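Working from the sequences, and respecting the hints, build out all of it.
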Amino acid sequence: MFFRKMSVKESFNSKKGMIFGFYAYLLVSAVNYFYYLFKESGLFSPTFIFWSGLLAFFLFELILNVKDKLVKKSVKN
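Read in our numbering, the sequence shown has 29 at position 29, and its numbers run on one by one without any break.
I should point out that these hints are in silico values taken from the structure, not numbers from a laboratory.
Quantities reported herein were computed from a predicted structural model and do not represent experimental measurements.
Keep in mind that a hint or two might mislead.
[Stated by the list, open to error] Listed below are the simulated EDC-like cross-link pairs for lysine to aspartate or glutamate, each with C-alpha atoms no more than 20 Å apart in a straight line: (1) K15 with D68; (2) K16 with D68; (3) K9 with E40.
[Unchecked claim] So the derived label-pair ranges between C-beta atoms look like this: (4) K76 with S11: 15 to 23 Å; (5) K76 with L37: 14 to 22 Å; (6) K5 with L59: 20 to 28 Å; (7) Y35 with L59: 22 to 30 Å; (8) S11 with L70: 16 to 24 Å; (9) Y33 with K73: 41 to 49 Å; (10) Y35 with K5: 38 to 46 Å.
Using N, Cα and C, we set each Cβ at its ideal position, and we do this for glycine too.
In structure tokens, the structure reads:
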């Protein structure tokens, strides 16, 4: 009712964004863990780790969707 259905391309971009966000979580968590092993304190707060993965997901998905719309628009003209 409130949301429109995603197109196949948008759904594909969302899945790519989820994968990218997951790898961002892995990278930030690994950096934080190895820093903790050497310095006995964490480099990043849990809040930063949480938001970094979410932002990576949404920004990557947005970039892919905008890129696809620009390509579609340029092909149309």
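For each hint, the structure was consulted:
1. K15 with D68: holds, 15 Å
2. K16 with D68: holds, 13 Å
3. K9 with E40: violated, 45 Å
4. K76 with S11: 15 to 23 Å: holds, 22 Å
5. K76 with L37: 14 to 22 Å: violated, 54 Å
6. K5 with L59: 20 to 28 Å: holds, 23 Å
7. Y35 with L59: 22 to 30 Å: holds, 24 Å
8. S11 with L70: 16 to 24 Å: The hinted range 16 to 24 Å holds for S11 and L70, with Cβ atoms some 19 Å apart.
9. Y33 with K73: 41 to 49 Å: holds, 44 Å
10. Y35 with K5: 38 to 46 Å: holds, 43 Å
When held up to the earlier numbered hints, the structure conflicts with 3, 5 and fits the remainder.
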